[in-house]
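Q: Kindly generate the complete structure, drawing on both the sequences and the hints.
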Amino acid sequence: MCLAIPMTVKKIEGSKAIVESMGVEKAVDIALTPDVKVNDKVIVHAGFIIEILDPEAAREIEATWDEYTTLLNQEQK
Amino acid sequence: MDIIVPAHGSGGKLMNDLITNLIQSILGSDSIQLDDAASLNLPTQAIAFTTDSYTITPIEFSGGTIGSLAINGTVNDLAVMGATPLYISCALILEEGLEIETLKRILVSMKEAALKANVAIVTGDTKVVPKGKGDSIYINTAGIGVFTTPPQRRQINPGDSIIINGTIGDHGTTIMALRNNLTFSKGLSSDCAALNHLIHDVIRNYPEAIKFMRDATRGGVASVLNEITKNASFGATLIEENLPIKDEVRGVAEILGIDPLYIANEGKVVMIVDSRYTDGIIHVLKQHPEGKDAAVIGQITDQFHGKAYIETKIGGKRILPVLIEEQLPRIC
Amino acid sequence: MDIKKEAAVLSQFRIDTPVAIMEVCGTHTTEFFRTGVKDIFPENLRLIDGPGCPVCVTSNDYLDTAIAMGWQHNCVITTFGDMMKVPSSYSSLAKEKSKGLSVEVVYSPMDAVDMAEKNPEKKFIFLSIGFETTAPAEAVCVREAKKKNLKNFFILPGNKLTVPAVKVLLDSGEVNIDGFILPGHVSAIIGRKAWDFIATDYGKPSVIAGFEDYDLIRATLMLLHLLKDTTPKVLNEYARVVRDDGNPKALEIVYSVFTKGNATWRGIGIIPESGLDLKPEYADFDAYKQFPVEVPLPKEHPGCRCGELLRGVIIPTDCPLFGKACTPEHAVGPCMVSSEGPCSAYYKYGRK
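Residue numbers (this note's numbering), protein chains in the order written: chain A, -10 to 66; chain B, 3 to 334; chain C, 2 to 353.
Keep in mind the hints are simulated off the structure, nothing from the lab.
A portion of the hints provided could be inaccurate.
Unchecked claim - Ranges of calculated distance between the beta carbons of each label pair, as one might list FRET restraints: (1) Ala284(C) - Thr59(B): 35 to 41 Å; (2) Lys232(B) - Glu44(C): 32 to 38 Å; (3) Asp55(A) - Leu298(C): 55 to 61 Å; (4) Gly324(C) - Asp304(B): 23 to 29 Å; (5) Pro8(B) - Glu213(C): 53 to 59 Å.
Glycine is no exception: its CB is placed at the ideal position from the N, C-alpha and C atoms.
A: Laid out in structure tokens, this is it:
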């Protein structure tokens, strides 16, 4: 229902942040995430940052899934 | 600041000045004739003849203008038939208020494009419409080309390769980014270019290889494939992983919720070729600046007759539907 | 990450008795097709499309009202591109634009505020639609317009909340849903805990999912594992974005501007407390209050089954109009016209 994409914060200027993804830059509003910092990965929807990505959680999740798939692929073989 | 006024289209002195001092002086007084029609010599009897009108906002963009677009678009329409483009006509519809400087830049870019494509602009027309009745400038170009080899249309069969001469969606993305206040850290330009030399080179090296060619303009690559497969006894499958798409194009497409395969290109040709010649053709394409990112993007198949499919990264398949709606930025 | 390995795990997952799961979110509907994940589903797994397309569930009279306001009060209608082609009772925004109504497509609601600020001589109505994900941005814009003291910016509140709609589906008992794939971006705002009731009150498992191909594969796998479990749970596949309590700042802003009210959902009817109305202190920005219009009773196509579809009772191909009277070129119902409508997704991607 809601198209939102991950982008990286390059600059913060007042109520706006310049975010970037794949070489594309866009000025977005930071009112919903006032704690946002430069280099944060964020989720952008309709010109607003709606949430900040948690890199620690992302790493843990990846590790878990790698373990899971390796295990299952072994089982299936 | 000089601007276009109604008298520039009235047939009087101002109009004559505009034509001689600006248009002819840029596009070439030796070629553009003030006569009602150009008289031309054609080397063969089989000719290709095309016409197209150009409207675009903004009229100047990174990588081109409405002028270079008009020349390259018409050249490409002839070239994808396998014809050698020779002559172009140029009709300008100018909106009152257009700055003369802007018009000058557009004419210069037309001339440059014509020189590069090795075509002559041989006849033209200028009209002025009142302020508010046009979008700055419209251009119509017609083109004549000659066939030195038979038209490049042959029976398409399963197993044929689908080739493109470079990255997908650059032109439309450049324009959409401008309209939606998106900028680029390293820049992105329209791929606006004439493809006649590149195509000619492929035909010269592989005269029997090309089954079909089409420039992937409005509607993008997906629309070309839908056109080819419509009512056909074969299907087409693209391989998502093989699609040459710039990061910037992917980025804009994601932000605005659109699909690069449906975005317009102005310097891309989709070729269906006999697979025996695939590697050779890619090699030839890569010799040209317009073909340096050439890639085999898919195959004609005996499956899914009449439809175009794409095999996604995870190995699933989905249809590439016929484009229906204009692509608008969306939130869901 | 090896996406092909993960895909293989899903496609080879053994399911002994048929399972039906609902993806609540319309973007998931489209992405399941677009990424090809639906194509590699194991046997016995069925996906039911939920009501999670804000365009699809917007009732006809909302658009009828917007069009009438534009004409009768000489206002510029600003909207997300999604709404342009949606059929109203008698027309659509795209058709009215061709007839001369001022309609501007914006990427962000803040673009509409900027337009109003730059063109003080014109009145601008922003069509405030969307679920929990979009409402915070729209709320910020209303606050901004108030701060800037803009007298020519208004919104037509049409926002909807997904949690009450999912409750209605579960209460109706019309559909047998074994588990849910929950919307990632709605959850980014409202938080994982907001969905706990699905497990505690209804005993069904669910997984909050992101939108990449791997997210869909993983969330489906997690749900399939949960279905084998005896204790129902809400798991969070999208934990890199979705927190237990969501985004409290966003929620605070939403409820500083809006208050919950009844909303009419296409195909479902009125759901109490499932919409967002502007609070009295923002009445100056409420197009309903500022631009009274009379609109004829909304008209729905008699054969259109979008309603049942949005309740998950039928799939698009069950509708007799699907692909015949109703195609994306000539959409009868909103599920065909919205780019993430289930009918549009089936029409575009689902036919082999």
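Q: Hint by hint, note whether the structure agrees.
A: Verification of the hints:
no. : hint                              : verdict
1   : Ala284(C) - Thr59(B): 35 to 41 Å  : holds, 38 Å
2   : Lys232(B) - Glu44(C): 32 to 38 Å  : holds, 33 Å
3   : Asp55(A) - Leu298(C): 55 to 61 Å  : holds, 58 Å
4   : Gly324(C) - Asp304(B): 23 to 29 Å : holds, 25 Å
5   : Pro8(B) - Glu213(C): 53 to 59 Å   : holds, 56 Å
Of the numbered hints given earlier, the model fails none.
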